[in-house]
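K.L.:
As they're listed, the protein sequences go chains A and B. Mapping to my numbering: the first sequence position 129 is 129, numbers consecutive. Mapping to my numbering: the second sequence position 22 is 22, numbers consecutive.
Nothing false has been slipped in among the hints.
Copies of the same chain are indistinguishable here, so a pair counts whether it falls within one copy or spans any two.
With a cut-off of at most 27 Å between alpha-carbon atoms, the simulated DSSO-like pairs for lysine-lysine come out as follows:
hint	residue 1	residue 2
1	K124	K113
2	K124	K35
3	K132	K74
4	K124	K32
5	K13	K113
6	K220	K162
7	K90	K132
8	K74	K124
9	K113	K24
Simulated from the structure, these hints should not be mistaken for laboratory data.
Number of protein chains: 2
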Amino acid sequence: MRYFITFSYDGSKYSGYQKQPKMKTIQGEMEKALKQINGGKNVSISASGRTDAGVHAYNQKAHFDLDTSITPTKLKAALNSLIPDDIYVKNVSEVNEKFHARFNVKAKEYIYKINMGDYNPIEKDYVFQYNKRLDIPEMERALKYLEGTHNFKSFVKADEEKDDYERTIIQTNLMRDIKSVNQIVISILGTGFMRYMVRNIIGMLIEIGEGKYKSEDIIKILDSHDRKCAGICVPACGLYLKDVYY
Amino acid sequence: MRYFITFSYDGSKYSGYQKQPKMKTIQGEMEKALKQINGGKNVSISASGRTDAGVHAYNQKAHFDLDTSITPTKLKAALNSLIPDDIYVKNVSEVNEKFHARFNVKAKEYIYKINMGDYNPIEKDYVFQYNKRLDIPEMERALKYLEGTHNFKSFVKADEEKDDYERTIIQTNLMRDIKSVNQIVISILGTGFMRYMVRNIIGMLIEIGEGKYKSEDIIKILDSHDRKCAGICVPACGLYLKDVYY
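With the hints as extra help, turn the sequences into a complete structure.
P.N.:
Written out as structure tokens, the structure reads:
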């Protein structure tokens, strides 16, 4: 029986989503719990994609197969009782065995939180602390240039080898946090993302917000297909996988 | 020279504010840093009051005396470079040596955060997770009965010996979180609070919200002067010292 789950996690104490020997990972914790539920037999979980160390998820999605049949309600309760309390399974459903949580992804939304106000120790692992004023309207204009289909080679790691660097960004948004005038939240909805792509885009936006570049420079930087032309990579703590669409 | 500081902290990794041998405490970390700044001589810090293990502060306030004279700007930078990153000094000023951060307190505001929605692992140490529906208007009415001067013996630990259990609650408020319909924030501004008083009040409000008591029962409970008549004590993680007024 194939199951499809939605789960959230606080990534701050994990070496990322993907299982690695001797490291505490989200996948590792999930598979340990699933093995217990599956009568001691190993279970492989397939998520919509990995997230890096320190990155959080509001709605990560994944599928896996169990040998035993168990109702979604019971499976949700069993999983939540076995996984650490900084991971939470929000929803479980049964799906057709043809469904694949990674291959069937239509779009993903990431958000990135930046705090320009006083450093807040309570949010240290959950927001990027940035102590300079940023030109928000200029950043918003830059963000709009990214919408559409582009080659994003300038925004992936220089040594990342891909057959195809073209991705489509469906929609972007820059919101001031309604609770705090000094916080902004940038949201990017796209058909697919390469490693570090969101954090490199946000880093570029910050350099635009600082006045080092103009918003329209982002077009040249996209066209350069050269990582060295783009900006910094921002820290993982501000990044959240917000949702995955099928 | 006497200095007055405003500081915030994430209480989740501390055994409370007050210094205790072999325990990680806010006061302990602050005094360790101050000793270094004070050329190796011990410094005693006097805060507006202690907070229990797991309780957070947005604006805790304290004073201390240094043998060396240092500008507030430099002192703020020095302190922040020496304390752990889950404590942050927001403001430093010089004050008259007659000023006392505890004795001169006029009022304090505490807030308490309750989440009735899906458990969110990202907020596990920062909100009280409550999985039942609460009758919010009834809780609001109960809260209003607490305003004014009352004997709060029913809301302190049964074995807490005090000369005087009378305290004045100046203002209360119950707000729905603007970001999430399932979160509420209760704020209580008062001239003084006894140990566990806020958490015991919130526990009582929750039992009223559940329907175990009516809002007006809170009058009888106050009048009983008996801890056993009142409700549960809620966990520390939802509690924040919001501000201190002089």
